[in-house]
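Read off the chains here:
There are 2 protein chains.
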Amino acid sequence: MRREVLLTPGPVELHPRARLSLSGPQLHHRTEPAREAFLAVREGLRSAFGTAGEVLLLTASGTGGMEAAVRGLFSPGDRVLVPVSGKFSERWAEIAEAAGLLVDRIELPWGEVLDPEAVAARVGDGTRGLFLTHSETSTGVLNPVAETVRAAKAKNPDLFAVADVVTSLFLAPVAMDAMGLDAAVAGSQKGLMLPPGLAFVALGERALSALRPAGYYLNLARELESQQKGEGAYTPAINLVLAAREVLAVLLPVLDEHLAEKRGQNERLYALGERYGLRPVPAQGGSPAPPEFRSPATAAFYLPEGVAYRDLAGAFLRRGYRIAGGQGPLKGRIFRISFMGYFAPEEVERAISAFAAVLEELLGP
Amino acid sequence: MRREVLLTPGPVELHPRARLSLSGPQLHHRTEPAREAFLAVREGLRSAFGTAGEVLLLTASGTGGMEAAVRGLFSPGDRVLVPVSGKFSERWAEIAEAAGLLVDRIELPWGEVLDPEAVAARVGDGTRGLFLTHSETSTGVLNPVAETVRAAKAKNPDLFAVADVVTSLFLAPVAMDAMGLDAAVAGSQKGLMLPPGLAFVALGERALSALRPAGYYLNLARELESQQKGEGAYTPAINLVLAAREVLAVLLPVLDEHLAEKRGQNERLYALGERYGLRPVPAQGGSPAPPEFRSPATAAFYLPEGVAYRDLAGAFLRRGYRIAGGQGPLKGRIFRISFMGYFAPEEVERAISAFAAVLEELLGP
Numbered sequence: 011m012r013r014e015v016l017l018t019p020g021p022v023e024l025h026p027r028a029r030l031s032l033s034g035p036q037l038h039h040r041t042e043p044a045r046e047a048f049l050a051v052r053e054g055l056r057s058a059f060g061t062a063g064e065v066l067l068l069t070a071s072g073t074g075g076m077e078a079a080v081r082g083l084f085s086p087g088d089r090v091l092v093p094v095s096g097k098f099s100e101r102w103a104e105i106a107e108a109a110g111l112l113v114d115r116i117e118l119p120w121g122e123v124l125d126p127e128a129v130a131a132r133v134g135d136g137t138r139g140l141f142l143t144h145s146e147t148s149t150g151v152l153n154p155v156a157e158t159v160r161a162a163k164a165k166n167p168d169l170f171a172v173a174d175v176v177t178s179l180f181l182a183p184v185a186m187d188a189m190g191l192d193a194a195v196a197g198s199q200k201g202l203m204l205p206p207g208l209a210f211v212a213l214g215e216r217a218l219s220a221l222r223p224a225g226y227y228l229n230l231a232r233e234l235e236s237q238q239k240g241e242g243a244y245t246p247a248i249n250l251v252l253a254a255r256e257v258l259a260v261l262l263p264v265l266d267e268h269l270a271e272k273r274g275q276n277e278r279l280y281a282l283g284e285r286y287g288l289r290p291v292p293a294q295g296g297s298p299a300p301p302e303f304r305s306p307a308t309a310a311f312y313l314p315e316g317v318a319y320r321d322l323a324g325a326f327l328r329r330g331y332r333i334a335g336g337q338g339p340l341k342g343r344i345f346r347i348s349f350m351g352y353f354a355p356e357e358v359e360r361a362i363s364a365f366a367a368v369l370e371e372l373l374g375p
Numbered sequence: 011m012r013r014e015v016l017l018t019p020g021p022v023e024l025h026p027r028a029r030l031s032l033s034g035p036q037l038h039h040r041t042e043p044a045r046e047a048f049l050a051v052r053e054g055l056r057s058a059f060g061t062a063g064e065v066l067l068l069t070a071s072g073t074g075g076m077e078a079a080v081r082g083l084f085s086p087g088d089r090v091l092v093p094v095s096g097k098f099s100e101r102w103a104e105i106a107e108a109a110g111l112l113v114d115r116i117e118l119p120w121g122e123v124l125d126p127e128a129v130a131a132r133v134g135d136g137t138r139g140l141f142l143t144h145s146e147t148s149t150g151v152l153n154p155v156a157e158t159v160r161a162a163k164a165k166n167p168d169l170f171a172v173a174d175v176v177t178s179l180f181l182a183p184v185a186m187d188a189m190g191l192d193a194a195v196a197g198s199q200k201g202l203m204l205p206p207g208l209a210f211v212a213l214g215e216r217a218l219s220a221l222r223p224a225g226y227y228l229n230l231a232r233e234l235e236s237q238q239k240g241e242g243a244y245t246p247a248i249n250l251v252l253a254a255r256e257v258l259a260v261l262l263p264v265l266d267e268h269l270a271e272k273r274g275q276n277e278r279l280y281a282l283g284e285r286y287g288l289r290p291v292p293a294q295g296g297s298p299a300p301p302e303f304r305s306p307a308t309a310a311f312y313l314p315e316g317v318a319y320r321d322l323a324g325a326f327l328r329r330g331y332r333i334a335g336g337q338g339p340l341k342g343r344i345f346r347i348s349f350m351g352y353f354a355p356e357e358v359e360r361a362i363s364a365f366a367a368v369l370e371e372l373l374g375p
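In the order they appear, the protein sequences are chains A and B.
Heads up: the first sequence is residues 11 to 375, going by my numbering.
Heads up: the second sequence is residues 11 to 375, going by my numbering.
Keep in mind that the hints were calculated from the coordinates and are not lab data.
Careful: at least some of the hints might be erroneous.
Identical copies look the same in the list; a pair holds intra-copy or inter-copy alike.
[As the list claims (entries may be wrong)] Subject to a maximum C-alpha distance of 30 angstroms in a straight line, what follows is the list of computed BS3-like cross-link-like pairs (lysine-lysine):
1. 97 to 163
2. 97 to 165
3. 163 to 239
4. 239 to 165
5. 163 to 341
6. 272 to 239
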């Protein structure tokens, strides 16, 4: 099979420590070494999420983690607010609706950065929940989550604020408790540079008190009971847990430097694109948003006039790289290119050179 | 970390082809090679399950697959029948109850083989579903699923029969359509010799017609739509899908021989244990059941008088092998030893020698 390097915003190039771990023999999940790894990963992730609460590991994609959080913290009939400005914020709304919640959607143009005051203006006394998307992978926006939660809780301190940090964890600063979040969800196949298959659900102290049993498989109350002892309620993807421990061991001690590096790599992509006149997708009031609202998870540009996504992606593929297109209303209108996975410095240089060559081929000189 | 060989009935020793595949680089799930693998695995499993219907892949443990089947095929208030004779048949009852179904439990002593006529006697006109466990991993029983479904459907042809084949698929003959089953569920970490993390839900033609949208993540109706095109509705554990394709490619062409080999290996364990006077767990009317009701997935014995499980398991561990104890009411009363995973012929001999040495140490001469 031809080997493509993934410049996609998940799944991503695996961390070498993860690959080594995944090539190993099977470990039984109900053994002491497995329990140690399980607890070490929960503890490492607690630090990464920035919470004094708990992190639960689910054998599921990030979407499964999102649904578990919705069903564990809310009941049918609860009123919740969901600003929708991309595919993943839309997913919060869909999951909440499927769980029987009364969803007040704030519809924004895809790519628009959240305005904390505009969100807060829609919070009422009856609003029990607010669902946010920290890094909106479909548009490349990094939303001002802390400011939005602060404004929303100023109007209703009782609401529960829950964020999708799937592509901000390990890529942008995440500090759940300090950001006012009661819960947050991430997955293995993004900033942690592992294969897909594991979701992480972080619960702060208020969320832990509010947790209720819900369903069977995606039941956080039951998982909490088992996981405090280092075991999943059901057979967990223990191979991914072991790989996560390996990557966390090297990543956590240098997390700040790692975040700076990831942001720097992403800004190089934006700088290169802008040099060729490409327009970034993240927007504020319809104009390109300031760099602090660009997610380090991916650069996202509108396609240049007259260039089809197929041709652009094909030019990358001929050079051995896979990029991503747009989703939903942005399909065929944007492209995304990401250093979210593992890239040694020389691999970053090679990929940037390839991006430059593609732009030169399609737009230059 | 000290390396133990797993004689546990899941997770199991991995197939070498699976390990090789899992050590590879990340493949993006929305690419042509990924779609090809996804469709090949669905097709291979369709043949393994023995259905003209469809097999769906879920990123979840087998329990997640069981819940998806329950919620996709039944509605709150539906009356269903669940014979309970071990941990996994009890799980069907728990999942069905959590989904709001009205569950009629037939409580049997754990380890007892199902009596088709006794089950059928409890089927009424209002019985919408029957949940069975083909290989009851907690007791080592292989239940007469075909006979039970036939007797039950003779009384009510409209009921939907669903089976857990988690530890019978690739270990004992499974032929879903011919057995009268409308749906069946299995997982990756058993007879397919992969790590945990992928559930398989097979749906026959009646089940496909009856499928309804349910929930969000474990929504078979939505998965069916995506998976017919070779994609999961959400990011799937594509690395496990690729590994599954590798193992299926070598297993399916020789499946009959493989099943005979697995049964033979398991019968050697029973023969050895019985030579030392151990009593097998599978029972019919309270006496040891005939060999055809012993699941090839695991041998299960009552602990000999005066031998604690801890001591027996420790004697295996000193020789580098991990076995499994009892669950639920059988905890501390039985032990289980399994060749479910990958064992080269000389590895089988080594493990059997170790079992003999353990029995000699604890019971002999």
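*Is it within, between, both, or neither for residue 97 and residue 163, if the alpha carbons may be no more than 30 angstroms apart?*
within (25 angstroms within a copy, 45 angstroms between copies)
*Could you place residue 97 and residue 165 in one of the four classes (within, between, both, neither) given a Cα distance threshold of 30 angstroms?*
Intra 27 angstroms, inter 49 angstroms, cutoff 30 angstroms: intra-copy only.
*When no copy is specified for residue 163 and residue 341, does a C-alpha distance of 30 angstroms or less occur within a copy, between copies, both, or neither?*
neither (35 angstroms within a copy, 49 angstroms between copies)
*Please work out whether the CA atoms of residue 239 and residue 165 approach to 30 angstroms or closer within one copy, between two copies, in both situations, or in neither?*
neither (39 angstroms within a copy, 46 angstroms between copies)
*Intra- versus inter-copy proximity for residue 239 and residue 163 (alpha-carbon distance at most 30 angstroms)*: Classified as neither; 34 angstroms inside a copy, 44 angstroms across copies.
*Homo-oligomer pair classification [residue 239, residue 272; C-alpha up to 30 angstroms]*: The answer is neither: 35 angstroms in one copy and 34 angstroms across copies each exceed 30 angstroms.
When each numbered hint is compared with the structure, violations occur for hints 3, 4, 5 and 6.
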